[in-house]
Amino acid sequence: MSTTVILTIVSLSIIGIVAATILYFVAQKFKVYEDPRIDEVDEVLPGANCGGCGYPGCRGFAEACVKSEDLGNLYCPVGGNDCMSSVAKVLGRTAVEKEPDVAVLLCNGACSLRPNTNKYDGAGSCTIAHNLYGGETGCQYGCLGLGDCVRVCDFDALHMDAETGLPVVDEEKCTACGACVKECPRNLFELRPKGKKGRRIYVACSNKDKGSAKKIGCDVACIGCRKCEKECAFDAITIENFNAYIDPQKCKLCRKCAPVCPTNAIHEINFPPRKVKVEKEPALAETSSTTSAQADGATEVVARKPRVKPESTDATKPDPGSENNPS
Amino acid sequence: MLKTFPKGGVHPPENKLSAQAAIEVFPIPPQVVIPIAQHIGAPSTILVKRGDMVKTGQIIAKTSGFVSANIHSSVSGKVTKIEDVVDSSGYKRPCVIIDTEGDEWEEGISRDPSLISSIALEPKEIIERVLEKGIVGMGGATFPSHIKLNVPSGKKAEYLIINGVECEPYLTSDHRVMLEQPEQLMVGIQIIMKALGVSKAIIGIENNKPDAIESLNKLAPSYPGVSVEALKVQYPQGGEKQLIKATINREVPSGGLPIDVGAVVHNVGTAIAIYEAVQKNKPLIERVVTVTGKSLAKPSNFLVRIGTPISSLIEAAGGLPEDTGKVINGGPMMGKALSNLDVPVTKGTSGVLIIRDEESGRKEIAPCIRCARCTHVCPMGLEPYLLMTVSKNSIWEKAEKNDIMDCIECGSCSYECPANRPLLDYIRLGKSKVSQIIRSRRQS
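Line by line, the protein sequences are chains G and B.
Read in order, the letters of the first sequence are residues 1271 to 1597 in this note's numbering.
Read in order, the letters of the second sequence are residues 285 to 728 in this note's numbering.
Some hints here could point you the wrong way.
[What the hints assert, rightly or not] Calculated cross-link-like contacts (lysine to aspartate or glutamate; reagent style EDC-like; alpha-carbon spacing at most 16 Å):
#	chain 1	residue 1	chain 2	residue 2
1	G	K1389	B	D641
2	B	K717	G	E1453
3	B	K578	B	D544
4	G	K1480	B	D368
5	B	K676	G	E1453
6	G	K1480	B	E416
[Unchecked claim] Reference excerpt, derived from the structure (chain G facing chain B, CB under 7 Å, subset only):
#	residue
7	G1392
8	A1393
9	H1400
10	G1468
11	Y1472
Hints are computed from structural coordinates only; laboratory data are not their basis.
Beta carbons: idealized from backbone N, C-alpha and C, even for Gly.
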């Protein structure tokens, strides 16, 4: 009995030793040298594997950092400048400071401002609805409200607002990884500099129709009237396809453009409320009071709840959506 | 035993409500909206400008590439606007808007209804004429017909298959055309045979149209090479690949074209349009449209000028019923719901179907129970449940590997699914993504 046990132990040990020796030599022969700094860089990265840097995951980014001569083109939007400076410390290089970005939604067409002309009942995906037709409202460029962006966000920074039917960006959580920018079939997200104290101004509309056509579909569309362009002293505003765009690099956040916008398409975020000026001219007084009302809360959500549309949805219109509808 | 395709397929209730309604000539509308992208391929280049006077049949937009088609004015009058209008795609696209004034036809177009059976043109001239007159496939896919008449070098066409299947429930436009214009159809087939250089033509008709089969069978002996094949009723027999399999028992390889197995398929409506283009010099400016629905007062078949708003067709068929849930452009299986009733009739509008509210809604989606019914009914032998899952999860490589591009989008899987899963919606999404990937791979 005992010999069997001893024999087993001895033979297994021999197999173990032989295998270990073979494995040792194989490991020596096929050894792949990996720069130890890759591990070190990987350690200081956030580990979100979101792909926001343009590389396949944090490991890929770490390899790129180690390989590159300078860190000029490399930036981790999740970790931001702090993360990049620690990467630079590991590698003994200097990091390039970058202003943090945040995603903004270039559509302001809340349910009450953009009446439905039909009803979609197909699969709940923006991309499918976008491939199918122009959407439930008169605007074929606006948000479809089916939440593809919310599902793709790894950082829980996007939520659908039940009242407006639009996604809301949580600027605390948004890392500007750009996943929503890629996902949105209508290209409604833009990464813009967060700005000083989070202050930023942008045109929340992507409609490329003519002004009159936009007006029918949506109350708050940029109609391309060029009033803001004339108002801007820094040439920051350009109009293309009847749609204004504010260049964040040129914009000095003077806030002169927002009050002149006849449709409230220009959004101001995180600014203190405007002082209500009492003007003698009635037309001007009206403009300033509406803007002050809009800027009161000075948050994205509040800015989106302006006037109420008087007309109701035409209920007699048929519902589209279902492609295969055997009866 | 009647022939059919062997794999998959479903048999939805036929509901051919308008089968006995003779084709009525629809009055010329006061205004037409003619989209310049009515076919598969590149949109045409507009040749007219605002304020121009045009005649019926005058060319208003020219082909702008290999896969493209000419577009002609369907009325005579004044071009009032050229602007973006929502068409059946659900998007705003450029359209030419013409206000009708009288009905003055372009010179050279014969409006004499008498039959001309001798074919004067040579094959090359026939193809040129088809291109010039803007003929596209009228079964719904609107593929420019001249391309299908040009047999690529190295390939040989043996059979011309004429699609008179009309497997979509409700639709009857092809059926009525076969009944009312059988001689024109036969001459049209002879013209296509001459252009292709084939000696055999088969008209495939499903057995639920016995009157059409009988009348064409009577005519067939006087047209050499033409035969009529009665087929078992089975959706999607009108699909090109299914029809080839059913009639000549050949299988088009994955990613291949019918010409790879020596077949060319044309719809009956296209054959008649080609007859009119070649013998009467008439461009494709009108087509037969079925307007139907269970609660519609008068399901009808109308001969409509291209550009007529669909709302006026519904008006003429008894008005939009109170219980309307959806209005579908095309048949119930492959048609697309309209978001707007002012959408114009285009070359591909085979029918307008009004579905009652109680039948139109989608049912609640339940989890897949792996019953494999979708796999069973797929006429292409695909696994729709798998393709939906991989598309939903963006695994495009796997979707491509599982032949997502072979899907003909017939919708049999979604129709059959007991869990009401939107299989085709996701497969379409996958197809569009995978074709993008394939295109970019070819470019690089």
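Taking the hints in turn, this is what the structure says about them:
1. Note on K1389(G) and D641(B): the hinted pairing holds, with a Cα-Cα distance of about 12 Å set against a maximum of 16 Å.
2. With a CA separation close to 12 Å, the supplied pair K717(B) and E1453(G) stays within the 16 Å bound.
3. For the proposed pair K578(B) and D544(B), the alpha carbon gap of about 42 Å is over 16 Å, so the pair is violated.
4. Pair hint K1480(G) plus D368(B) holds up; C-alpha atoms about 10 Å apart against a cutoff of 16 Å.
5. Of the pairs offered as hints, the one joining K676(B) and E1453(G) holds, with about 13 Å between alpha carbons and a cut-off of 16 Å not exceeded.
6. Under the criterion of a C-alpha separation no larger than 16 Å, the hint pairing K1480(G) with E416(B) is inconsistent with the structure, at around 34 Å.
7. The beta carbon of G1392(G) comes within 6 Å of a beta carbon in chain B, closer than 7 Å, and the hint placing it at the interface holds.
8. Look at A1393(G): its Cβ gets to within about 4 Å of chain B, closer than 7 Å, so that hint holds up.
9. Annotation: H1400(G) was flagged as interfacial toward chain B, and the flag is violated, the nearest CB pair being 10 Å apart, outside 7 Å.
10. Interface hint status for G1468(G): violated, as the beta-carbon distance to the closest one in chain B is roughly 33 Å, over 7 Å.
11. The criterion of a C-beta within 7 Å of any C-beta in chain B is not met by Y1472(G), whose closest approach is roughly 25 Å, and the hint is violated.
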